[in-house]
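Asks: The listed protein sequences correspond, in order, to chains C and F. First residue of the first sequence: 504, per my numbering; consecutive thereafter. First residue of the second sequence: 504, per my numbering; consecutive thereafter.
Keep in mind that the hints were calculated from the coordinates and are not lab data. You may find that some hints are simply not true.
A pair holds if it fits inside one copy or across any two, identical chains being indistinguishable in the list.
As the list claims (entries may be wrong) - PhoX-like mimics (lysine-lysine), calculated; alpha carbons at most 25 Å apart, straight line:
{"id": "1", "residue 1": "Lys-546", "residue 2": "Lys-645"}
{"id": "2", "residue 1": "Lys-570", "residue 2": "Lys-607"}
{"id": "3", "residue 1": "Lys-735", "residue 2": "Lys-607"}
{"id": "4", "residue 1": "Lys-735", "residue 2": "Lys-570"}
{"id": "5", "residue 1": "Lys-735", "residue 2": "Lys-531"}
{"id": "6", "residue 1": "Lys-645", "residue 2": "Lys-735"}
{"id": "7", "residue 1": "Lys-645", "residue 2": "Lys-672"}
{"id": "8", "residue 1": "Lys-735", "residue 2": "Lys-672"}
{"id": "9", "residue 1": "Lys-546", "residue 2": "Lys-652"}
{"id": "10", "residue 1": "Lys-672", "residue 2": "Lys-531"}
{"id": "11", "residue 1": "Lys-607", "residue 2": "Lys-672"}
{"id": "12", "residue 1": "Lys-570", "residue 2": "Lys-672"}
{"id": "13", "residue 1": "Lys-570", "residue 2": "Lys-652"}
Since we're looking at a predicted model, the values are computed, not measured.
There are 2 protein chains.
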Amino acid sequence: MSGSLVIAGLGPGAEELITPQVSEAIDKATDIIGYTPYTARIKPRPGLTIHASGNRVELDRSVHALKLAEAGRHVIVVSSGDPGVFAMAAAVYEALETGPVAWKSIPLQVMPGITAMLAAAARAGAPLGHDFCAINMSDNLKPFHLLEKRVRLAIEADFAIAFYNPRSKSRPHQFERILDVFRELCEPARLITFARAISTADENLHTVTMADATADMADMRTVVLVGSSQTKRIADTEIVYTPRSAS
Amino acid sequence: MSGSLVIAGLGPGAEELITPQVSEAIDKATDIIGYTPYTARIKPRPGLTIHASGNRVELDRSVHALKLAEAGRHVIVVSSGDPGVFAMAAAVYEALETGPVAWKSIPLQVMPGITAMLAAAARAGAPLGHDFCAINMSDNLKPFHLLEKRVRLAIEADFAIAFYNPRSKSRPHQFERILDVFRELCEPARLITFARAISTADENLHTVTMADATADMADMRTVVLVGSSQTKRIADTEIVYTPRSAS
Numbered sequence: 504m505s506g507s508l509v510i511a512g513l514g515p516g517a518e519e520l521i522t523p524q525v526s527e528a529i530d531k532a533t534d535i536i537g538y539t540p541y542t543a544r545i546k547p548r549p550g551l552t553i554h555a556s557g558n559r560v561e562l563d564r565s566v567h568a569l570k571l572a573e574a575g576r577h578v579i580v581v582s583s584g585d586p587g588v589f590a591m592a593a594a595v596y597e598a599l600e601t602g603p604v605a606w607k608s609i610p611l612q613v614m615p616g617i618t619a620m621l622a623a624a625a626r627a628g629a630p631l632g633h634d635f636c637a638i639n640m641s642d643n644l645k646p647f648h649l650l651e652k653r654v655r656l657a658i659e660a661d662f663a664i665a666f667y668n669p670r671s672k673s674r675p676h677q678f679e680r681i682l683d684v685f686r687e688l689c690e691p692a693r694l695i696t697f698a699r700a701i702s703t704a705d706e707n708l709h710t711v712t713m714a715d716a717t718a719d720m721a722d723m724r725t726v727v728l729v730g731s732s733q734t735k736r737i738a739d740t741e742i743v744y745t746p747r748s749a750s
Numbered sequence: 504m505s506g507s508l509v510i511a512g513l514g515p516g517a518e519e520l521i522t523p524q525v526s527e528a529i530d531k532a533t534d535i536i537g538y539t540p541y542t543a544r545i546k547p548r549p550g551l552t553i554h555a556s557g558n559r560v561e562l563d564r565s566v567h568a569l570k571l572a573e574a575g576r577h578v579i580v581v582s583s584g585d586p587g588v589f590a591m592a593a594a595v596y597e598a599l600e601t602g603p604v605a606w607k608s609i610p611l612q613v614m615p616g617i618t619a620m621l622a623a624a625a626r627a628g629a630p631l632g633h634d635f636c637a638i639n640m641s642d643n644l645k646p647f648h649l650l651e652k653r654v655r656l657a658i659e660a661d662f663a664i665a666f667y668n669p670r671s672k673s674r675p676h677q678f679e680r681i682l683d684v685f686r687e688l689c690e691p692a693r694l695i696t697f698a699r700a701i702s703t704a705d706e707n708l709h710t711v712t713m714a715d716a717t718a719d720m721a722d723m724r725t726v727v728l729v730g731s732s733q734t735k736r737i738a739d740t741e742i743v744y745t746p747r748s749a750s
């Protein structure tokens, strides 16, 4: 009895943004594992066991998934967005690397999804149309000094920057300090887009200049896109884009 | 008679990676516009006009699309991958910005897709599991000194780096010079993944150390993923991943 493990991305929220590859895999699975808000997006059916878990238990969840697959189940670990971008794929591989050797023989596939920054950029225009970077602001994963160093270098490189998990109740001041770094190094007219829960009923998108940005414009469901020095708004529209060329 | 314009991402190649949102939009369109290899992926049907064009005519193609939409057609500009990542969205907005004011009233939507680096990362493991950046190596869009500066800063920031369009016949030596920058600044064991035509029949994936990398391992259909200092290969497997945490 040979099990399997898929790590699948459900995209940013809308059904129409889930790839057929992922939908078909879900139809064939015996077990779905994930953080509660994501497993809530899976339709129950006979023969499918849904294992919902809390936040910040990514390694436990990964071990659970690998054990079930080892026991012959067809398991899907679901993430929102893309599983390879600040989501479950790296956690499963961390568990795999430190676990029993037998886990290395489990058939394992990562199925990509539409990650939040790409859904947000599509709604805003094309702010990531030139070189860009993606930075996770969760400070339980790296110290603040490293985050700040990366932001300073990314500004110097003139990347557009997508920030994931910009703000939570446990660290209300961190995003404010990052905004201060932008104010120190960038012109006040630098554009910043707050994209919340894109493609869901709670969707909200607004773009302001760095001079007008405040930390409370973001929460944990927001992706923040900061433009490069070349990013602009098209007059008389809300469209924000970064030209393809730079000199 | 009111037309519309959609800029849609077809994903990296496989049918099963095209979102239902994009498939439905294609079913309703009157005109599809794009670079020939991408329009070739669209199934002809009565009532649909397919306009295929060559490479490096992105602005002409955008103007054509906007004129058709203005004339009442339902037009889709197709890109491979995601239209917002080194693809057609920014080109259409450049044309919109400099075109007739009336174009600003055309209903316009960007539909995201699975961009090449995410498909490549999913196949490789999770090399983009921590902070990363995406850099386009097409030197017709920026001078080499700016590309080199960005790469140096990205290495200093310890980002994983995804390179799009690493190499073409018109600039065979540029990628070699970038490999030299990595050899100067990174340890020889730094991992580099060459992901060619992922999810198509021509798919090819291999990971080597920087010491063993040569420029001819890439062509224009390759996305190159260079790991951060933390990126590793799981022993006795081909899996490459970057742990979620950094210190």
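Asks: Against each hint, give a clear statement of whether it holds in the structure.
Replies: Evaluated hints:
no. : hint               : verdict
1   : Lys-546 to Lys-645 : neither (35 Å within a copy, 47 Å between copies)
2   : Lys-570 to Lys-607 : within (12 Å within a copy, 55 Å between copies)
3   : Lys-735 to Lys-607 : between (48 Å within a copy, 15 Å between copies)
4   : Lys-735 to Lys-570 : between (50 Å within a copy, 23 Å between copies)
5   : Lys-735 to Lys-531 : neither (45 Å within a copy, 32 Å between copies)
6   : Lys-645 to Lys-735 : between (31 Å within a copy, 18 Å between copies)
7   : Lys-645 to Lys-672 : within (17 Å within a copy, 41 Å between copies)
8   : Lys-735 to Lys-672 : neither (32 Å within a copy, 33 Å between copies)
9   : Lys-546 to Lys-652 : neither (43 Å within a copy, 49 Å between copies)
10  : Lys-672 to Lys-531 : neither (38 Å within a copy, 44 Å between copies)
11  : Lys-607 to Lys-672 : neither (38 Å within a copy, 40 Å between copies)
12  : Lys-570 to Lys-672 : neither (34 Å within a copy, 49 Å between copies)
13  : Lys-570 to Lys-652 : neither (39 Å within a copy, 46 Å between copies)
When held up to the earlier numbered hints, the structure conflicts with 1, 5, 8, 9, 10, 11, 12 and 13 and fits the remainder.
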